Each structure stands twice: as structure tokens, then as C-alpha cells.
Amino acid sequence: MKDAFIELKGLTKNFDSQQVLKGIDLTIYRNEFLTLLGPSGCGKTTTLRMIAGFEEPSGGEILFDGVDISKVPAYKREVNTVFQKYALFPFLNVFDNVAFGLKIKKMDKTVIEHKCMRMIELMGLKGFEKRDVSSLSGGQQQRVAIARALVNEPKVLLLDEPLGALDAKLRKEMQTELKRIQKEVGITFIFVTHDQEEALSMSDTVVVMNEGIIQQVGSPEDIYNEPENRFVASFIGDSNIIEAVMKKDLLVSFDGFDFDCVDKGFKDNENVEVVIRPEDIDLVKPEEAKLKGTVKTITFKGVHHEIIVETGNRDYLIHTTDYFEPGLEVGIRFGPDDIHVMYRMDWE
Amino acid sequence: MKHFTRLVRPYIVWMVLIVVLPLLLIVLYSFTTGGNELVNIRFTLDNFKKIGEPIYFDVFKKSMLLGIVSVLICLVFGYTLAYMITKYSEKAQNFLILLVTIPMWINTLLRTYAWISILSDNGLLNRLLVLLGLEPATMMYTDAAVMLGLVSDMLPFMVIPIHTSIRKIDKSLIEASHDLGAGNFQTFWQVIFKMSIPGVINGVMMTFLLSISTFVIPKLLGGGQYMLIGNLIETQFISVGNWNFGSAISILLTLLIVIGISLMKKFDREEKEENG
Numbered sequence: 001m002k003d004a005f006i007e008l009k010g011l012t013k014n015f016d017s018q019q020v021l022k023g024i025d026l027t028i029y030r031n032e033f034l035t036l037l038g039p040s041g042c043g044k045t046t047t048l049r050m051i052a053g054f055e056e057p058s059g060g061e062i063l064f065d066g067v068d069i070s071k072v073p074a075y076k077r078e079v080n081t082v083f084q085k086y087a088l089f090p091f092l093n094v095f096d097n098v099a100f101g102l103k104i105k106k107m108d109k110t111v112i113e114h115k116c117m118r119m120i121e122l123m124g125l126k127g128f129e130k131r132d133v134s135s136l137s138g139g140q141q142q143r144v145a146i147a148r149a150l151v152n153e154p155k156v157l158l159l160d161e162p163l164g165a166l167d168a169k170l171r172k173e174m175q176t177e178l179k180r181i182q183k184e185v186g187i188t189f190i191f192v193t194h195d196q197e198e199a200l201s202m203s204d205t206v207v208v209m210n211e212g213i214i215q216q217v218g219s220p221e222d223i224y225n226e227p228e229n230r231f232v233a234s235f236i237g238d239s240n241i242i243e244a245v246m247k248k249d250l251l252v253s254f255d256g257f258d259f260d261c262v263d264k265g266f267k268d269n270e271n272v273e274v275v276i277r278p279e280d281i282d283l284v285k286p287e288e289a290k291l292k293g294t295v296k297t298i299t300f301k302g303v304h305h306e307i308i309v310e311t312g313n314r315d316y317l318i319h320t321t322d323y324f325e326p327g328l329e330v331g332i333r334f335g336p337d338d339i340h341v342m343y344r345m346d347w348e
Numbered sequence: 001m002k003h004f005t006r007l008v009r010p011y012i013v014w015m016v017l018i019v020v021l022p023l024l025l026i027v028l029y030s031f032t033t034g035g036n037e038l039v040n041i042r043f044t045l046d047n048f049k050k051i052g053e054p055i056y057f058d059v060f061k062k063s064m065l066l067g068i069v070s071v072l073i074c075l076v077f078g079y080t081l082a083y084m085i086t087k088y089s090e091k092a093q094n095f096l097i098l099l100v101t102i103p104m105w106i107n108t109l110l111r112t113y114a115w116i117s118i119l120s121d122n123g124l125l126n127r128l129l130v131l132l133g134l135e136p137a138t139m140m141y142t143d144a145a146v147m148l149g150l151v152s153d154m155l156p157f158m159v160i161p162i163h164t165s166i167r168k169i170d171k172s173l174i175e176a177s178h179d180l181g182a183g184n185f186q187t188f189w190q191v192i193f194k195m196s197i198p199g200v201i202n203g204v205m206m207t208f209l210l211s212i213s214t215f216v217i218p219k220l221l222g223g224g225q226y227m228l229i230g231n232l233i234e235t236q237f238i239s240v241g242n243w244n245f246g247s248a249i250s251i252l253l254t255l256l257i258v259i260g261i262s263l264m265k266k267f268d269r270e271e272k273e274e275n276g
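One line per chain: the protein sequences are B and W, in this order. According to this note's numbering, the first sequence is numbered sequentially starting from 1. According to this note's numbering, the second sequence is numbered sequentially starting from 1.
Bound conformation, chain B alone (with noise of 0.2 angstroms):
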């Protein structure tokens, strides 16, 4: 697993006299799945089409095997790409789509015949070969399109926000399938999405990017129970996130109290912010907190209440399966290991 395939090196990307990648340092491992998530315009899809070699970096390298490949053109590369509306060729059949990429490597007959098959059984589209691609739905094309990116037997691939144009239980569906698809190719696949559940339920490794830089690096759980920064801590899942003071190490002073937390490390008096996930918050009864409120909102989700409770510092986001009355006097508390300090950003 701990063994460097791709290195983006200091990559940069100026469209026109905008940067849009301002420094991208990346080490992508063999086998892994690694999604690049932000919001649009972050440079993740920027990021993708230059390792794919549809866009050439301003400056900087992208290492293969330590070979750099910046100035290789695209279809010399070993790499292929599923793209965000599939380009699937319209006049040609699902078979001969699929087949495309070896053709043009001029295999022999009987080879990509077998080679096709393969791939259109493993995605499940036996049936399916003279079809028109037109007529197939949003998930069969988005399948023809994997195959015909896989057959070729690329090192690496690319998936350029894939799943944007399925509708929500297809979605969940194909998020499973390419999950279990990367699994039984043994290759590497690089994800691009704005989607962070997406992200936290296939990858290995997630990338969270924000104008043009990597904010962090980690697995889902680092992600999301580790959040560097606001960013981070905001863009992937709700969270409460709130100005305050690292006393000293494992002591943390906001909204006029002060909290025992794991964290250290930090300088004593080191102005922080603390990120605190709404999952992890209890209501008790006034008496039994250091901080207490009124519930202002209650909304049903399904699985659980989403409720607001204002303080006289901030309102509070929680999350939980018992029903509160609005206007209710409660006790918000949470223990040491549901904080999380991160440094504070300098902008916003």
C-alpha cells in the first residue's frame, strides 16, 4: 500500500491571469482510492485533467514511477478517464464503445472480443453489446463508461464527479459498485467529487481542497474527526465551530467556561477554534451542564431531530433522537474526547 505511484510536485495551474492551482504537493500510493472533494472552482477537476494531460501544468511536475509526465500527450498516457457526462461515442454501440481504445491499440480480433466481454459482464451490461447508447439509462451509460476506461487495463483510473448526473438511490448503488469494481481491478482510482458523503463512504484517502490548495490529507475518519481547519470542519458534515483559547495543553477556555480536552501541543493561550459535531452533543437538564440554552428550532430528518439551541454566546447545532420541546430551558454537555481543537485561520 505505502508505495508512491503518482507525485504531484509544486503544481500550479494560471487560466488566463487567474491561479487556479496555487502549489498542489500530493503523493498518490498504488491501489488506493483517493478523491480529491471541495467545492467548484477548488482546482480538484483541474488537478485530474492535468493528470489525465488535457490541461498542461504552469509549473511544477507530475511524477509516474518517478518519471515525470507533464509534457506526455494525453493518449500516450496510462491512464484513463471517466468523465462527468460519460462522453460516450453516439454512433457506435455499447460493444464497439467499449472497444474503442483497443482498436485503436490495433489488438487482434478475437482479443478484444474476449477482452470486451469481460468487461461488459463484470459491469453488468451482458445483453446489452448492440445496444445504442442512447437508449441505455443514466447508470448503464455511466457503467459503459467505466468499461470502456477499465478494458484498456490502465495504471491508473481518473473519475471526474462520475456519479453528479444519477439521481440519489443510484447514486448510493454505484457508489458501492466502484467501490467493489477498484477492488477487484487491484488499481488505482482517482475520485473527483463536491459530494463529502461520497467521499467519506469509498476512499481510502481524501483530499480536501479549497481555492486552490490542499487543506488536508487523510483518511475519512482522520477527516472528519480531525478536521485541520474551519474549512475542512465546515465543508464535511455539520459541526459546531467556535472561537476560543488553549489555556494550556488539555485545557480549553470558551463561552466563558473552561472544557478538559485530549488536545495538546498548542502554546498556552494560543487562540484556537474548537470544532464540536452535533452527533456529539447531549441535552440533560440545566443543572447538569456547564452550558445551558433554550431550544429554539426542532426538525424532523428521518433518523434523527436536528435542534437549535440558542445561548447567550451562539446557538448550538445538535443532533439526536429524543424530541425536545421548543422553548425547553436545557443542559448542553460533551465530554473531553468530543472536542477537537484546530489552529485558527488567519482569513474569513
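Derived by calculation from the structure, the hints in this document are not laboratory data. Everything hinted at is true.
DSS-like, lysine-lysine: derived pairs with alpha carbons at most 30 angstroms apart:
(1) W:87 with B:106
(2) W:194 with B:126
(3) W:171 with B:85
(4) W:168 with B:76
(5) B:71 with W:168
(6) W:168 with B:105
(7) B:109 with W:194
(8) W:265 with B:130
(9) W:168 with B:103
(10) W:171 with B:9
(11) B:85 with W:168
(12) W:194 with B:130
(13) B:71 with B:9
(14) B:105 with W:194
(15) W:171 with B:106
(16) B:130 with W:168
(17) B:115 with W:171
(18) W:171 with B:71
(19) B:115 with W:194
A short, non-exhaustive set of chain B residues, derived as facing chain W with CB atoms under 8 angstroms:
(20) 74
(21) 75
(22) 83
(23) 85
(24) 104
(25) 105
(26) 152
These figures come from a predicted structure and were not determined experimentally. Using N, Cα and C, we set each Cβ at its ideal position, and we do this for glycine too.
Take the given structure of chain B and dock chain W to it, following the hints.
Then chain W, alone, in the frame of chain B:
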């Protein structure tokens, strides 16, 4: 809505008067003898039989051949030009297409006269040849001159539909082709050309129509002896005065064009059905 459909009525009357009625008259003339006097007309098929005579049949053959060759030349140049134009920025493309269409604003007759002043024995081109120390050449009244005039006249009708169809191609299809290992040459033949076929069909259809019914260009650049279907019809009506025979040729030409268009349309539709 009923209110507005009434507004169409004068237009319908107008159409009947200036399009349908003359057409019906041409049909009538083509099946009759007796010239312009509608009083003593006699129905006959002789006019159509006459087209089968070698001299007239040769004119048809020559016209067809010239039409096909000029369309093919036009296709090669028009496609190249249209494809090159798509390589520029959106703004530059609009400007270049405007340049291509500008000649269409000028009357064919004037444009053809312009060619005469370029191609004639002491025209621009020959003077340039003499200046360069070369032998002057006779260019007027040759097949090449007619071809040049035809192709330059038809080129915009070929370039515009092809350019539109290439411009419409989703860029990600071209990227997908590169992604799957196809270089520029293979991507052109495997993706861009195939996606532009509807434009090619439209262009071929329009230019073939133009080339087969032309009479100004062959008359001016090919000289009086240069006979194409268009010229044949013109002489029958204007010089010979045999309106009945002229009408028969016109009807046959119209039929040929209708058959041509419907064949193309059918091909186009099958193409579309194949693609969905």
C-alpha cells in the same frame, strides 16, 4: 389563434399565384404541343421522348458529371476550410464565417463577371504571369474556368453546415478519444469526421442543387457552346421558343432533384436512427 391564422390567407393566395400556378403550367406545357396558345393544345409524350435523343441526353450526362465533380471538389476544400475555422476562438470563428458568407451577399452575375476580369486573356492573372516572365495562358471558356466559378460560388453552402456540425461536437468526446489512446489523426477520422456526417450531407445536398441547375456560370465562363441542363432550358425558352420541350426538361430536372434530396434525407435519417 384562429384570429391569426386568417392573416396567412393573403400569403397563401400569393403563393398559389406565383409558385403553384406557374409550376402547374410547366407541367401542362410539358405534356402538350402547340406552343403558347392554350386554345388548341394536344396532349403528347413527345417532349419527354425528345430528351432521350443523344444530343440532349449528353447534356444531361455532362451536367450530372460536372455537378458530381464540382460537389466533390467543393467537399474537399469546404471540409478543410470548415475544420480549420473550428480551430480558432469562438470570436474569430464568427468573423471567419462572416468572411465566408460575404460573397453570398453579391449577385452571382457580378461575381462571375469578376472572374472574367481575372481569367480573361488580358485579365489580372495573365498580366501577373507576364510580369513574372511566364507565358500567358487561355483560361476562359475551359472546363477549369467553369469548375472554378462553380466551386467558388458553392463553397459557402458547403462550409457553413459542416462548420456548424463540427462546432457542435462535445469537446469531451475528443478528449475521450485522446484518453483512449487515439492521436490527432485517428481522433479526426474516428470521431470528428463521423460526428460531422450530417453537416456533410446537408452541404452536399445544397451544393448539388446549385451546381445542377446553374446556367449563368457556364454561360459566362464556359462560352456559348457550353451546354448544361440550365442553359438548355434557357435556350429552349428564350432563343428556340419551344416552351413545351423546355418545360419537359425542367420537370425532369425537378424530378431528379427531388429524388436526390429524398435519397439523401433517407440516408441521413438512417444515420440518425442508427445513432438514436
